[in-house]
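A.B. asks: Work out the full structure: start from the sequences and follow the hints.
First to last, the sequence lines map onto chains A and B. Numbered by the working numbering, the letters in the first sequence go through residues 1 to 824 in order. Numbered by the working numbering, the letters in the second sequence go through residues 1 to 96 in order.
Hints are not guaranteed to be accurate.
Only part of the chain A face toward chain B is listed, based on derived beta-carbon distances under 8 Å [claimed, not checked]:
id, residue
1, GLU37
2, VAL38
3, ASP39
4, GLY46
5, ARG47
DEER-style ranges, computed between Cβ atoms [what the hints assert, rightly or not]:
id, chain 1, residue 1, chain 2, residue 2, range
6, B, GLU42, A, VAL67, 31 to 37 Å
7, B, GLU42, A, ILE16, 37 to 43 Å
8, B, LYS8, A, ARG94, 48 to 54 Å
9, A, GLU91, B, GLU42, 39 to 45 Å
10, A, ILE16, B, GLN81, 38 to 44 Å
11, B, GLU42, A, GLY12, 43 to 49 Å
12, B, SER70, A, ARG47, 26 to 32 Å
13, A, GLU91, B, GLY37, 44 to 50 Å
14, B, PRO84, A, GLU91, 44 to 50 Å
15, B, THR82, A, ARG59, 29 to 35 Å
16, A, ARG59, B, LYS8, 32 to 38 Å
What the hints contain is simulated information worked out from the structure, not anything from laboratory work. Cβ coordinates follow ideal geometry from the N, Cα and C atoms, glycine included.
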Amino acid sequence: MNPEQAPPPVNGNEQIAALIATLHETEQRLEELTGGEVDTVADRDGRAFLLWHAQEHLRHSEAVKQVAILNALPAHIALLNTQGLIISVNESWRRFGCANVSQRPGYEIGLNYLEICDSARGDGASEAHQVAEGIRSVLNGEAKRFSIEYPCHGLGDQRWFLFTVTPLPDDHPMGAIVMNLDVTAERQAEERLRASESRFRQMADNIQDVFFLQNLDSSQMYYVSPSYEQIWGRTCESLYANSASWAESIHPDDLNDAVTKCEAGRNTGFDYQCRILRPNREIRWIHVRGFPILDDAGNPYRTAGVASDITQSKQVLDELHESERRFRATFEQVAAGMGHTTLEGRWVRVNQRLCEIVGYTREELLARTFQDITHPDDLDLDLVAMRQLLANEIHTLAREKRYLRKDGAVVWVDLTVSTMRAPSGEPEYFIAVVQDITGRKELEQELLHAQRMEGVGQLAGGIAHDFNNLLTVIGGRGHLALAKLGPDDPLRRDLDLIQKTVDRAAALTRQLLAFSRKQILQPRVIDPNDLVRNLTDLLERVIGEDIELVFQPAADLGRVRVDPGQLEQVIVNLAVNARDAMADGGRLTIETSNVALDAGYIGRDVGMTPGPHVMLAVSDNGVGMDAATRARIFEPFFTTKGLGKGTGLGLSTVHGIVNQSGGHIQVHSEPGVGTVFKIFFPRTDAAPEAEPPRDTTLPRGTETILLVEDEAEVRRLAREVLERLGYTLLEAKTATDAVLIAGRHVGLIDLLLTDVVMPRMGGGALAEAVTAARPETKILFMSGYTDDAIVRHGVLEAGVQLLEKPFTPEALSLKVRTVLDRKR
Amino acid sequence: MSRRVIFKFRLYVAGAAHNSAQAAANLTALCRAHLPGRHEIEIVDVFREPKRALADGILMTPTLVKLAPSPGRRIVGTLSQTRPVLQALGLDTLPA
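C.D. replies: Written as structure tokens, this is what we have:
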């Protein structure tokens, strides 16, 4: 209304009504003319006049839309006037019924919101006061906007609200719009995110391993945890800036493997170990595991990984490996056999040496128990010891025992067994250390044999001494008696028989002395081929007609220095044994050859020296011997022949002679195939020596002989024989007497004929004493066996003359004459 | 008639009034269908620029003024009836 116009008159109402009617008519007419398609019409000044239906449409649609929008908002919105009165609220405000300090139920239009906030008490009062302050500052125009977020303790749950105050959009504030928005979900999401982030940080920052995320397409490192800096000695930033520095840090020798595994595990994950080089050149071992992260389509686009520093455990592992390797090497390379068995005895770990000792392969041995390979005679002791070990009654078992090799041979071992126990004390397995002592056992056997031989030899020697004296007397007297008898005397036959028996007894005594190596050898250089040839007739008689004798002499055979009589004895003894082994006939082969024995061939054999040798082999194709028999054949009195058929001295004599002659004997035999004895003597280059000539008539003499013999009968026999042949005899019963006699006697003493073994003073010492005073006196010893006084190692020393007991008058006279005739 | 002739229109409207909004929507649709790429539309709100309406002698909104090509035309209304509008604008002979 124009204020300058005068108020309308009383009847103005009618005029106004008329104008309005005109206005309506005009509008209606315009609508009709424009078909309702026009919004405005303009007056003469160009002022647009919005037609009524357009105004109505606009008004209607705006209001509906604004109300709908306001009511659809989740925020609780209220309009306050400048005094703080609630003028209008939206649907959310109306509905909200939370026990809220700033908006309690019933805060409806017409109430003063400022007063409500000011009067708030208790929980949330301080926020309510802040809200009131904020509203005032906006209403005053001091602030364009105020907002605050505050918690609201609802029933059973905690909610968060964002409270915002904005002024009504006018130059002068006409009021304010307050809005409460429930931001609980956002706050909770934030909280969850913060908690999740915190959990992740706590893990990533505190776990010593490195976590990482890497994009597959660009290889860009997406995330790496701070432990990277500790392990790699590089900053995380440097890795983000240059993802390739990961690969660059890997030791060149390990890079290929790492890259290959990474590529291969792109879709499935990977696992590799590598060394990394820290900037300070220090090397660390890293174990990296990666896992693919898949997108919604199931394609990997990123890798999640963990990298651990395993340097220490790797070192421990390496040390363990090294220790294991050392142990294994020790186990395998130790000279002794070593093995572990279960508590039942099954081999579970064995070294190569053990396999060699028992002759099984590793596989064969692992399929067996120690019981399987133990000699039956040794098993009981083993089982007892096993129980004691398990019961902890003994800690270690150490014994000698026998295993049976796969080939059936017996092997002697020195066995040490202990129990491996768990920390709890429970026995777990047995540890066996096995030393092959077969060689030592053989040496022991040999030594035992030698000792036995020595013992028998002592005995035999002692007996032989006395026995030879007796035989000398019996034989000598027999000779003398025979000389007194006429050719047809009936006693002659008896005396002949006595004589033959004495010869056999003397031969037996010699054999006893031979195997005991106590006999006196008179070696000379001979050609063994000649010796065998000369022996052929005798051998053929010995072996009989059913056995063929084959002699295969080597050409250019070397010579040896032996006692030819003794060697003949050896060959005859071997031939006799061969004959007995070929009861149904066969072939006896004697073969000679030159051989060079080296140290390796000689091996453990005692008393042999390497060098050129002459071998004499006596072989038969008879029944042969088993190993047990073979082991005992040289033992005295061991015989396989029937009672009364063999003395058990044949081969022991052979053994004794050969050994005493500096030779060596070997035997090879197989049941059903035959036996061969090989005899080795050191070869000599000296020329053969001729046999001393023999004279059949008893030589006579007139020289003076000092006879010393403690055995009266032998002394008398010798005196009678020598006196008859013209010699002058001085006689002494002991060496002491002899020294006295030699001192008293005026004139020459041409020969000292003395026994060797006598009480108090022996023949050797006596000879020295006599020759000291009478250097011209020659010496002839008599002995049944020898001692070191006149012989060394059973071999007569050069220049020393010896008459073997028992002796015949013939032997005595020949020997005495020979010695007297020697030039000094 | 060359296809490159640009049709220039000026539409007078009354703010967001219903018929004006209809006319603007119909004009835009018509130009897209029949004059793609060769039309220019200027919309003038008579409440904001009453002087231009006065200068153009616009008595009512919505009013469409065809400025080019000649002959010029004025069409009042919502432009809802497409065929008479096309005829008035000389577009009924254009190839489809």
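A.B. asks: With reference to the structure, classify each hint as holding or not holding.
C.D. replies: Hint by hint, here is what the structure shows:
1. GLU37: holds, 4 Å
2. VAL38: holds, 4 Å
3. ASP39: This hint holds: ASP39 of chain A lies near chain B, its Cβ roughly 4 Å from the closest one there, short of 8 Å.
4. GLY46: holds, 3 Å
5. ARG47: holds, 6 Å
6. B:GLU42 to A:VAL67: 31 to 37 Å: holds, 35 Å
7. B:GLU42 to A:ILE16: 37 to 43 Å: Cβ of GLU42 of chain B to Cβ of ILE16 of chain A: about 41 Å, so the range 37 to 43 Å holds.
8. B:LYS8 to A:ARG94: 48 to 54 Å: The hinted range 48 to 54 Å holds for LYS8 of chain B and ARG94 of chain A, with Cβ atoms some 53 Å apart.
9. A:GLU91 to B:GLU42: 39 to 45 Å: The hinted range 39 to 45 Å holds for GLU91 of chain A and GLU42 of chain B, with Cβ atoms some 42 Å apart.
10. A:ILE16 to B:GLN81: 38 to 44 Å: With Cβ atoms ~40 Å apart, the hint holds.
11. B:GLU42 to A:GLY12: 43 to 49 Å: holds, 46 Å
12. B:SER70 to A:ARG47: 26 to 32 Å: holds, 31 Å
13. A:GLU91 to B:GLY37: 44 to 50 Å: holds, 48 Å
14. B:PRO84 to A:GLU91: 44 to 50 Å: Once the Cβ atoms are compared, 46 Å apart, the range 44 to 50 Å for GLU91 of chain A and PRO84 of chain B holds.
15. B:THR82 to A:ARG59: 29 to 35 Å: Holds: the Cβ-Cβ distance is about 30 Å, inside 29 to 35 Å.
16. A:ARG59 to B:LYS8: 32 to 38 Å: This hint holds: roughly 35 Å between Cβ atoms.
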